[in-house]
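There are 2 protein chains.
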Amino acid sequence: MARKRAVVLLSGGLDSATCLYWAKSRGYALEALSVHYGQRHERELRSARRLAEAAGARLHALKFSLPWLNTSSLVNKEKPLPNLPLSKIGTGGVPSTYVPGRNTIFTALGVSLADAVGAEIVVVGANALDYSGYPDCRPEFYRAFSQVARLGTKRKAIKIATPLVRKDKAAIVRMALRLGVPLKRTWSCYRGGRRPCGRCDSCKLRAKGFSQAGTEDPAL
Amino acid sequence: MARKRAVVLLSGGLDSATCLYWAKSRGYALEALSVHYGQRHERELRSARRLAEAAGARLHALKFSLPWLNTSSLVNKEKPLPNLPLSKIGTGGVPSTYVPGRNTIFTALGVSLADAVGAEIVVVGANALDYSGYPDCRPEFYRAFSQVARLGTKRKAIKIATPLVRKDKAAIVRMALRLGVPLKRTWSCYRGGRRPCGRCDSCKLRAKGFSQAGTEDPAL
Chain A
59 MARKRAVVLL SGGLDSATCL YWAKSRGYAL EALSVHYGQR HERELRSARR
109 LAEAAGARLH ALKFSLPWLN TSSLVNKEKP LPNLPLSKIG TGGVPSTYVP
159 GRNTIFTALG VSLADAVGAE IVVVGANALD YSGYPDCRPE FYRAFSQVAR
209 LGTKRKAIKI ATPLVRKDKA AIVRMALRLG VPLKRTWSCY RGGRRPCGRC
259 DSCKLRAKGF SQAGTEDPAL
Chain B
59 MARKRAVVLL SGGLDSATCL YWAKSRGYAL EALSVHYGQR HERELRSARR
109 LAEAAGARLH ALKFSLPWLN TSSLVNKEKP LPNLPLSKIG TGGVPSTYVP
159 GRNTIFTALG VSLADAVGAE IVVVGANALD YSGYPDCRPE FYRAFSQVAR
209 LGTKRKAIKI ATPLVRKDKA AIVRMALRLG VPLKRTWSCY RGGRRPCGRC
259 DSCKLRAKGF SQAGTEDPAL
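First to last, the sequence lines map onto chains A and B.
Quick note on our numbering: the first sequence kicks off at 59 and runs consecutively.
Quick note on our numbering: the second sequence kicks off at 59 and runs consecutively.
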């Protein structure tokens, strides 16, 4: 019997790397999908390449530009990145880093790839922390997308899997350690550069996760 | 009050042109979205540009390549295009021109654009004829996608509109004539070139539609 196959949306950050190794631990042949859509930096794509290599995944790296996404501070360098105290992150509504419909597009690309290569699941790293702020990280969003995938593909049996959807960052760090994710290769910082900035929302949340999990971040 | 706004997926063919003028007739400000994803030819993109111009729509033209789509004869020039008698079109399951997850990707791009520019609807030209063969043209697929759009966007109120979904080609031709669509500017042929080939599924279905509507095709 042919091995079952998974498409994993791989940004190169901690969450998506954990998804990659989650699928690996379940015996799926791995198809990783990385998308560069005009983010501020390409540093995380390099991480995605190194992670895919380590996990034995085939990497599909896409690059395109969607001009209308420059409403987001994650894409438009002229907009300031948010710099909130940790306790305020996720409490102020949709943050300026929100990229309109990004996960809708990414998940759609994953479904397309899954239909083309014969994969059963599209794995997405959305989690509890994200959906405090981003509408396209909520569990019900992915349930609705599973319907779309079932109705809109030739293979029909494609599901969206969100193994992190109920987890906070500390739980994700513990899961990553258990699965043997090469954490040194992951990149979470919203900025580029050689080292994570330590100041953006993403760096702060990652640091809190490692601290609560009682372990050091090997990427620092 | 600001004018209500619509995103229209505009391939340059008869169906999407009719959608563009449907939205125009309802008073929407128009944002047209054209995607070149490695189809055999760029002829239809030229039609999209000319149609957007005629309708007073702002055109967003995207170009990207999804390497895995070359399983489709609409993308991969080494695969033969189907050449069925008219009575057999739509009866043989999913045709080789099926592009995996294409409408899922296009609709996702439309939702992203709608969320960025503040549009209420994303108009898609899927119709009864298409969904005899393509899974991602069925009404229930677009109903599920409206859920995705509602749950996954900042604006929440975005709907997928499919004004042609119950119509056959003759009804679409009649609707196009009623709405004043510049039919001469539309392009339906799967092949490129200066003139439609007259032999592909798309040309045959278009010819039948005009014939049943009792009118000549001004694009021939």
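Incorrect hints may appear among the rest.
[What the hints assert, rightly or not] Straight line, CA to CA, 30 Å or less: simulated DSS-like cross-link-like pairs of lysine-lysine:
| # | chain 1 | residue 1 | chain 2 | residue 2 |
| --- | --- | --- | --- | --- |
| 1 | B | Lys266 | B | Lys62 |
| 2 | A | Lys217 | A | Lys62 |
| 3 | A | Lys217 | A | Lys121 |
| 4 | A | Lys217 | B | Lys62 |
| 5 | A | Lys225 | B | Lys212 |
| 6 | B | Lys242 | A | Lys121 |
[As the list claims (entries may be wrong)] Sample of chain B residues with no beta-carbon within 10 Å of chain A, all distances over it, derived:
| # | residue |
| --- | --- |
| 7 | Pro158 |
| 8 | Ala172 |
| 9 | Asp194 |
| 10 | Pro221 |
Simulated from the structure, these hints should not be mistaken for lab results.
By construction, the Cβ of each residue, glycine as well, lies at the ideal position given by its N, Cα and C atoms.
Checklist line | Hints the structure fails to honour | finding: 1, 4, 6, 7, 8, 9
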